[in-house]
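J.: Work out the full structure: start from the sequences and follow the hints.
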Amino acid sequence: MSFLSQALRGGALALVLGAVAPIGAAQAEEIRTPMIAQGCAGCHGQSGVGTGSVPQIAGYGRDAFITTWESFRKDERPATIMNRIAPGYTDDEVAALADYFSQLR
Amino acid sequence: MNGFSNGFSPKLTRRHFGALLAGSAFTLAAPAILRADSGPRLVVIGGGFGGASAARFARISYPDVNVTLIEPYDSFVTCPYGNLILGGKRALPQITHSYDGLRARGVDVVQNRARDIDPVAKRVTLADDTRIAYDKLIVSPGIALRRDAIEGYDEAASEIFPHAWMGGDGSQISILRRQLEALPEGGVVGLAIPPNPFRCPPGPYERISMIAHHLKQHNPRAKILAFDAKDGFSKQGLFQDGWAELYGDMIEWIPASQDGTITAVDPQERVFISEFGERHKVDVGNVIPPQYAAAIARDTGLADDSGWVPVDPLTFAAEAAPDIHVIGDANIGSPMPKSGYVANSTSKQAVAAAIADLRGEAAPADPVYFNTCYSHLGDDYAVSVAAIFRKDGEGGIMATPDSGGLSPRGPLSELAYNRRREAEYADAWYDSITTDMFS
Numbered sequence: 001m002s003f004l005s006q007a008l009r010g011g012a013l014a015l016v017l018g019a020v021a022p023i024g025a026a027q028a029e030e031i032r033t034p035m036i037a038q039g040c041a042g043c044h045g046q047s048g049v050g051t052g053s054v055p056q057i058a059g060y061g062r063d064a065f066i067t068t069w070e071s072f073r074k075d076e077r078p079a080t081i082m083n084r085i086a087p088g089y090t091d092d093e094v095a096a097l098a099d100y101f102s103q104l105r
Numbered sequence: 106m107n108g109f110s111n112g113f114s115p116k117l118t119r120r121h122f123g124a125l126l127a128g129s130a131f132t133l134a135a136p137a138i139l140r141a142d143s144g145p146r147l148v149v150i151g152g153g154f155g156g157a158s159a160a161r162f163a164r165i166s167y168p169d170v171n172v173t174l175i176e177p178y179d180s181f182v183t184c185p186y187g188n189l190i191l192g193g194k195r196a197l198p199q200i201t202h203s204y205d206g207l208r209a210r211g212v213d214v215v216q217n218r219a220r221d222i223d224p225v226a227k228r229v230t231l232a233d234d235t236r237i238a239y240d241k242l243i244v245s246p247g248i249a250l251r252r253d254a255i256e257g258y259d260e261a262a263s264e265i266f267p268h269a270w271m272g273g274d275g276s277q278i279s280i281l282r283r284q285l286e287a288l289p290e291g292g293v294v295g296l297a298i299p300p301n302p303f304r305c306p307p308g309p310y311e312r313i314s315m316i317a318h319h320l321k322q323h324n325p326r327a328k329i330l331a332f333d334a335k336d337g338f339s340k341q342g343l344f345q346d347g348w349a350e351l352y353g354d355m356i357e358w359i360p361a362s363q364d365g366t367i368t369a370v371d372p373q374e375r376v377f378i379s380e381f382g383e384r385h386k387v388d389v390g391n392v393i394p395p396q397y398a399a400a401i402a403r404d405t406g407l408a409d410d411s412g413w414v415p416v417d418p419l420t421f422a423a424e425a426a427p428d429i430h431v432i433g434d435a436n437i438g439s440p441m442p443k444s445g446y447v448a449n450s451t452s453k454q455a456v457a458a459a460i461a462d463l464r465g466e467a468a469p470a471d472p473v474y475f476n477t478c479y480s481h482l483g484d485d486y487a488v489s490v491a492a493i494f495r496k497d498g499e500g501g502i503m504a505t506p507d508s509g510g511l512s513p514r515g516p517l518s519e520l521a522y523n524r525r526r527e528a529e530y531a532d533a534w535y536d537s538i539t540t541d542m543f544s
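From first to last, the protein sequence lines stand for chains V and G. Be aware that the first sequence starts at 1, since it is given in the working numbering, and climbs by one per residue. Be aware that the second sequence starts at 106, since it is given in the working numbering, and climbs by one per residue.
Because the hints were derived from the structure by calculation, they are not lab data. For every residue, glycine included, the Cβ atom is placed at its ideal position computed from N, Cα and C. Among the hints, a few may not be true.
As the list claims (entries may be wrong) - Partial selection, computed: residues in chain V whose CB lies under 10 Å from chain G:
#1 Met35
#2 Gln38
#3 Ala41
#4 His44
#5 Gly50
#6 Val54
#7 Gly59
#8 Tyr60
#9 Gly61
#10 Ala64
#11 Ser71
#12 Arg73
#13 Pro87
#14 Gly88
#15 Thr90
#16 Glu93
T.: Listed below in structure tokens is the structure:
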């Protein structure tokens, strides 16, 4: 069995499970994490579920993610650290992050 | 994909699924029950921030790959948050992590020490002469202390003047904590701080802060003498502002240009001796010697004359040997700092690049590495430095221009909220990153 078809079978099973229950950390993990989003997990938790005071970003609306990111980038939105992080990513990278986190629902 | 005989439909449509797959690189979750004893063999030396992250990422992303993790200790004591033990804000069990989570993911955790690597035969030899074959090897062994850089600082000296700069079995940080608790009233705590490069640039200064936090409560007339082999340090403005704000004149920092470099110690007499021969009596002494890569990296020829391992910053492939990727503090990762977050962040690119090479594919293009270092100065008071690294277009990497940077400077009267939130975020970082390493 090729890697891709093996992956599709694993992914399909995960999608079925994801469809019948609210997204939780274990189910969120079944959705593939792009490399660009890996760095976020160090603060925002596995699959963006959040930890302690650091907010959940899993399920954040895609357009809202991009808008919020822009307001951090321009230092318009009160922030402790995201205003320093946001300028570090390109528009394409932010779009990929928005795609990923918004699909974790 | 759009329906199953049992009536359930997948939440994501085929189009969304395809869009996700079309991304430049992705990781794939898989049940831990999948074992692949006949698949490619990835061996990881070191079960710390780099190695544990690498092993876990590999099992999640590449279920067909056998992953073996070689680690001498039966659990991992983090250096991060070790300073909070000195400040009385954490206990050792709270910073000690089991490898059982990785075992549950199918990582073969071998409690042993790697003694040698044969890059031609592609085998690691352990301390007991067991040999483990690999297709790709991740080496994340951390640091070793250059004991010859400080005369008199032998192994026995570490019991009197602990370094507590490697987690080990937790004994070093525990010794230092007990010494602080037993400090005579009005006593002197000395630190000897190394030149660059060393593990965790802000670490010694968070340590000073946490020691001061303890002393302010329990021994307010005690003093801290911080002898530094450098003339500047990470987050210096923020630290010195905070020290003045929280600890008055308890802390004296002596830079190299004012004879702050400690070149010898006399543990029996409890004396630090400076470069120009000044003798400084201390009651408690924390000696953080100059450092280099751990022995496995040097003894096997991976490291160069600097004592650190040169690597390709886009794959972490070692320049010295094929099929070996070196991550974490042991490598030359400039401009990235030697931090746990960097080890964790870069581990994924290293694993992805290694597996891609096995499959005859290109490593993920345009990697982006991430770092945030938090430092606790007191209660509800932390500061940070953040950075995002990427290709510089000349084969190396750079900090992304006009991004990252330090927490704002200013008095608590203006920034108490920021300082408290950063302390909360630091706690969340610790939980999140150790989850990304061990769960």
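J.: Does each hint hold? Answer for all of them.
T.: Evaluated hints:
At about 5 Å, the closest approach between the beta carbon of Met35 of chain V and any beta carbon in chain G falls short of 10 Å, and the interface hint on this residue holds. Interface restraint check: Gln38 of chain V against chain G, minimum CB-CB distance 5 Å, threshold 10 Å, status holds. Proximity of Ala41 of chain V to chain G holds as hinted, the smallest CB-CB distance being about 5 Å (cut-off 10 Å). Because the beta carbon of His44 of chain V sits about 7 Å from the nearest beta carbon in chain G, less than 10 Å, this interface hint is met.
Below 10 Å, beta-carbon pairs count as interface contacts, and Gly50 of chain V has one with chain G at about 8 Å; its hint therefore holds. The interface hint given for Val54 of chain V holds, since its Cβ lies 4 Å from the closest Cβ of chain G, which is under the 10 Å cut-off. The beta carbon of Gly59 of chain V is not positioned within 10 Å of any beta carbon in chain G (closest approach about 12 Å), and the interface hint is therefore violated. This hint is violated: Tyr60 of chain V has a C-beta 16 Å from the nearest C-beta of chain G, more than the 10 Å allowed.
With 10 Å as the threshold, the beta carbon of Gly61 of chain V stays out of range of chain G, its nearest partner Cβ sitting at about 15 Å, so the hint is violated. With 10 Å as the threshold, the beta carbon of Ala64 of chain V stays out of range of chain G, its nearest partner Cβ sitting at about 18 Å, so the hint is violated. Given the 10 Å rule on beta carbons, the hint for Ser71 of chain V is violated: about 15 Å separates it from the nearest Cβ of chain G. Contact between Arg73 of chain V and chain G, as hinted, is supported at the beta carbon level, the nearest pair being about 9 Å apart and thus within 10 Å.
Because the smallest distance between the Cβ of Pro87 of chain V and any Cβ of chain G comes to about 4 Å, under 10 Å, the interface hint for this residue holds. The interface hint given for Gly88 of chain V is met, as the beta carbon of that residue sits about 3 Å from the closest beta carbon of chain G, less than 10 Å. About 9 Å separates the beta-carbon of Thr90 of chain V from the nearest beta-carbon of chain G, less than 10 Å, and the hint is met. The restraint placing Glu93 of chain V at the interface with chain G holds, with a minimum CB-CB distance near 7 Å, inside the 10 Å limit.
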